[in-house]
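Start from chain A and add chain B according to the hints.
Line by line, the protein sequences give chains A and B.
All residue numbers for the first sequence refer to numbering that gives the first Met the number 0, where the first residue is 0 and numbers rise by one.
All residue numbers for the second sequence refer to numbering that gives the first Met the number 0, where the first residue is 0 and numbers rise by one.
Derived by calculation from the structure, the hints in this document are not laboratory data.
Heads up, the beta-carbon is just placed ideally off N, CA and C, and yes, glycines get one too.
Hints may be right or wrong, so weigh each one.
[Stated by the list, open to error] Stretches of chain A that chain B covers, calculated by requiring three or more beta carbons in the stretch to come under 8 Å of a beta carbon on chain B: (1) 16-22; (2) 31-42; (3) 77-89.
There are 2 protein chains.
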Amino acid sequence: MPSVAERPSEGLNRIFLALADPTRRAVIARLGQGPASVSELAGPSGMGLPSFIKHIRLLENSGMIRTTKSGRTRTCTINGQGLSHAEHWLAEQRAIWERHSDRLEAFEMQEQAEGTARNAERDD
Amino acid sequence: MPSVAERPSEGLNRIFLALADPTRRAVIARLGQGPASVSELAGPSGMGLPSFIKHIRLLENSGMIRTTKSGRTRTCTINGQGLSHAEHWLAEQRAIWERHSDRLEAFEMQEQAEGTARNAERDD
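Just chain A, with the same shape it has in the complex (with noise of 0.2 Å):
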């Protein structure tokens, strides 16, 4: 059973996986400008449908996307919070190791004034 704690890993898996290849990244560039039916998505792709119905599958399996049926025509458009749930997880991760690098460089620099002032007292 899989537990609760597992379900934010679960949906970044699906999201960083559905961002790994350029063709699903095109489609998020192009969604983001507005709505679009998967035959005009799949147009620049130079891709058959049923290879390109995979990866708008795999878009909205990762929640960053959602379709609409309408007749024939089934249509796309971007969910933001699947791209804003990475963001923040890299956000998040940059403001960890940026903290760290600031006291590296505070650390070093005391080193180097308590170094500095030693050997003026040497010198002295």
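Structure of chain B alone, referenced to chain A:
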């Protein structure tokens, strides 16, 4: 022959694929707090070293971490540029999407205002 234009895309493929796994994300999160040896990193994963090393290689190939060997110890360090590359791509997509949403909202508000004005004229 891979074209020059494909390279940034290849880089993003590797970065997002590297991030699509909780073990590898845990390594990134840990390394944000400072360098660590492969054995230290493998500890919390509960994974055998040979399996764990595959994750380290994938992260190294993505450019998100660097490793150096000294004697029998391999030390891993985070490389912020890889994370920034992914973060910039996501931020760019969000910016495109938000600009579109803003234009859409402005358009809808204008439509609504014009509708109200038309109704007011009719009521006069």
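Status of the hints after comparison with the structure:
no., hint, result
1, 16-22, "holds (count 5)"
2, 31-42, "holds (count 3)"
3, 77-89, "holds (count 8)"
In terms of the numbered hints stated before, the structure departs from none.
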